[in-house]
Amino acid sequence: MAKLTIAQALNQALEAALREDDAVVVLGEDVGKDGGVFRITDGLFDKFGGERVIDTPLAESGIVGTSVGLAMAGMKPVAEIQFFGFIYETMDQIASQAARVRFRSLGRYGAPMVIRAPFGGGVKAPEIHSDSLEALFTHTPGIKVVTPSNPYDAKGLLLSAIDDPDPVLFLEPMRLYRAFRDEVPEEAYRVPLGKASVVRQGTDVTLIGWGPSMALILAAADELVAQYDISPEVIDLRTLTPLDEETIVASVQKTQHAVVVHEAVRTSGFGAELAAVIQEKAFLYLEAPVLRVTGYDTPYPMTMFEDLWLPDTSQVITAALASVRF
Amino acid sequence: MTDGNEMFPLIQRLDQDGKLVGELGVLTAKDLKDTYTTMRFLRMFDERAWNLQRQGVIGTYAPFKGQEAAQMGAVAALDDRDWLVPTYRDWAASYLRGVPMEHALFFSKGHPSLGDVPAGKQVLPAQVVIAAQTLHGVGVAWATKLRHEGVATVVTFGDGATSQGDFHEAMNFASVLEVPLIFFCENNQWAISVPLSRQMHAETIAQRSVAYGIEGFRVDGNDYVAVANLMHELSARVRSGEGPFLVEAVTYRLGAHTTADDPGKYRSVEEEDLWIQRDPLTRIEKWLRTEGLLDDEDLAAMDVESEAKVEEVLAVFREALDISPLVLFDNVYAEVPTGLASQRAQFEARVKEVGA
Numbered sequence: 001m002a003k004l005t006i007a008q009a010l011n012q013a014l015e016a017a018l019r020e021d022d023a024v025v026v027l028g029e030d031v032g033k034d035g036g037v038f039r040i041t042d043g044l045f046d047k048f049g050g051e052r053v054i055d056t057p058l059a060e061s062g063i064v065g066t067s068v069g070l071a072m073a074g075m076k077p078v079a080e081i082q083f084f085g086f087i088y089e090t091m092d093q094i095a096s097q098a099a100r101v102r103f104r105s106l107g108r109y110g111a112p113m114v115i116r117a118p119f120g121g122g123v124k125a126p127e128i129h130s131d132s133l134e135a136l137f138t139h140t141p142g143i144k145v146v147t148p149s150n151p152y153d154a155k156g157l158l159l160s161a162i163d164d165p166d167p168v169l170f171l172e173p174m175r176l177y178r179a180f181r182d183e184v185p186e187e188a189y190r191v192p193l194g195k196a197s198v199v200r201q202g203t204d205v206t207l208i209g210w211g212p213s214m215a216l217i218l219a220a221a222d223e224l225v226a227q228y229d230i231s232p233e234v235i236d237l238r239t240l241t242p243l244d245e246e247t248i249v250a251s252v253q254k255t256q257h258a259v260v261v262h263e264a265v266r267t268s269g270f271g272a273e274l275a276a277v278i279q280e281k282a283f284l285y286l287e288a289p290v291l292r293v294t295g296y297d298t299p300y301p302m303t304m305f306e307d308l309w310l311p312d313t314s315q316v317i318t319a320a321l322a323s324v325r326f
Numbered sequence: 327m328t329d330g331n332e333m334f335p336l337i338q339r340l341d342q343d344g345k346l347v348g349e350l351g352v353l354t355a356k357d358l359k360d361t362y363t364t365m366r367f368l369r370m371f372d373e374r375a376w377n378l379q380r381q382g383v384i385g386t387y388a389p390f391k392g393q394e395a396a397q398m399g400a401v402a403a404l405d406d407r408d409w410l411v412p413t414y415r416d417w418a419a420s421y422l423r424g425v426p427m428e429h430a431l432f433f434s435k436g437h438p439s440l441g442d443v444p445a446g447k448q449v450l451p452a453q454v455v456i457a458a459q460t461l462h463g464v465g466v467a468w469a470t471k472l473r474h475e476g477v478a479t480v481v482t483f484g485d486g487a488t489s490q491g492d493f494h495e496a497m498n499f500a501s502v503l504e505v506p507l508i509f510f511c512e513n514n515q516w517a518i519s520v521p522l523s524r525q526m527h528a529e530t531i532a533q534r535s536v537a538y539g540i541e542g543f544r545v546d547g548n549d550y551v552a553v554a555n556l557m558h559e560l561s562a563r564v565r566s567g568e569g570p571f572l573v574e575a576v577t578y579r580l581g582a583h584t585t586a587d588d589p590g591k592y593r594s595v596e597e598e599d600l601w602i603q604r605d606p607l608t609r610i611e612k613w614l615r616t617e618g619l620l621d622d623e624d625l626a627a628m629d630v631e632s633e634a635k636v637e638e639v640l641a642v643f644r645e646a647l648d649i650s651p652l653v654l655f656d657n658v659y660a661e662v663p664t665g666l667a668s669q670r671a672q673f674e675a676r677v678k679e680v681g682a
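Chain order of the listed sequences is R and H.
Residue 290 in this note's numbering is what sits at position 290 of the first sequence, and the numbering runs on without skipping anything.
Residue 398 in this note's numbering is what sits at position 72 of the second sequence, and the numbering runs on without skipping anything.
Warning: the hint list may mix true and false statements.
[Claimed, not checked] Pulled a few chain H residues facing chain R out of the computed Cβ check, cut under 8 Å:
hint	residue
1	Met370
2	Val383
3	Gly385
4	Val455
5	Gly486
6	Gln515
7	Leu522
8	Ser523
9	Ala675
I should point out that these hints are in silico values taken from the structure, not numbers from a laboratory.
Quantities reported herein were computed from a predicted structural model and do not represent experimental measurements.
All residues carry an ideal CB built from backbone N, CA and C; glycine is no exception.
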């Protein structure tokens, strides 16, 4: 089995989807000849041609809005938004349009489309290139929000997202694109949407995260075991909406402590939703309040200070200890 | 079908061989020598900034190499009461309007002062989101109209920006409201890897003015004499109540989109060579030499002076790096709310802990 980066695994998934189904088209800014600014679509233009791997004019709302039309007319567009911060340009077409197609046509139409976007910070990108805005979309019924944290899931989740009959926002952690390699099967396998992954079994505290935060949660988990003799259970949500409440609740009922980690700003972040779900479904099991490790309530910082601003491993450890020792 | 090239012939005064094919107009020979001196400094700065990214001193940098004449010409007619609303690549234009050169480095470094335009300078912070500033430009010009100020506003943007919905909305608002604004498009032919021919189906950007019922112009953006003269004329017209206008300055991005980009993936060396022949600096240099206004000794002196200026900019930049990260919390709102103040305190403790 080949050892691939997340970037390579995503490229494989797109290639497989283009091969499997003629209805699949890949579109976005610089996704053709250039292969995308992160090279996720590298080589696809040469293999499938300019009618299926399309360099669009520079207009994010145009990319998503035309994708809605393509999808309603039977195609399966996989749109790339160059950086997640530019998603604001597309808000109407996603939230008012794509997400409501099925609802307002009573199922007559659907919008089976995927919107891919690199997200998260830590790569010293310019302003508005590093924002974590997933909660805008978890707050939008009708669209699914998916984010992988490793190469295996990246490929399998993207293929499931493309299969899905509903629009899927697929968030790719930018700083993990080439951070490490994993074994990734050659074939076009699927990882189901809506299922969280318990990536480490434990008994003392449940650490919950997704996407870019998983790397620091896992590092924190190692240290909690080695330095503090604490046994953390680690959950990678993989799909934020629809949320796999069952896995979360079962884990918290076992560990009785929970810490949520995300890069997004704290107020109205998805961590708040998780805290609410946990207290609703596992209140009597809890030995401590659900704690959050998050970004601060400021715009994403100018990158000179992003490392100070972003959650880090030590904050996850501190929160886990605070929970366990509450 | 509309022939945009015929409707909007390229306005040129100084051709690529350094030959005057029109009048110097409002410019004098001395103006041109001064302009050339500044251009040489800007070119040196731009190349230095590229290297600073390679050395890890700054982050992603978007070079303006090749667009000096367009940017300098765009603001050539502006005075202290006029406004400039720039896009992210337009450090040459901003610099001439009083934004210190180190701001270009702040922008790439992700320094908190990247948009802290000096007080009294009527320049908006460089815009990152493509075409967003075109609407801001309309708003600024509208404000000056409501107050009967009789001043000009110039909003700059690239060819890619004309694909955005915001651009259409800006052109439409501006023309309906008849605001004293000049839309100045630096058509540098490439939006990262996408050539203008894939960006739009029309021949020229200038012809888009027709659809909004306003006047449009297509000018050789590598010809400072032509751009500066056109902008003098249009600025005077908007100050006296005319406008808006659309200017397409035909130029070329001689460098990459940014330090993170590799043009070798998508465009030919032959095309780049063609535009190197049209370099905005070369033609002025040729003209000045022919006129006996410039020799090798002058050039050497200019470079010594430019080098010193670049070093000054770098010195100011380095000194400015000593800024407290706590500023991140101080300008989210005019007053720091209680909840944010407590986060600020936590952040302060963290900063102390890691010794930043």
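Notebook entry, point to check: Which of the listed hints are broken here?
Noted result: 1, 2, 6, 7, 8, 9
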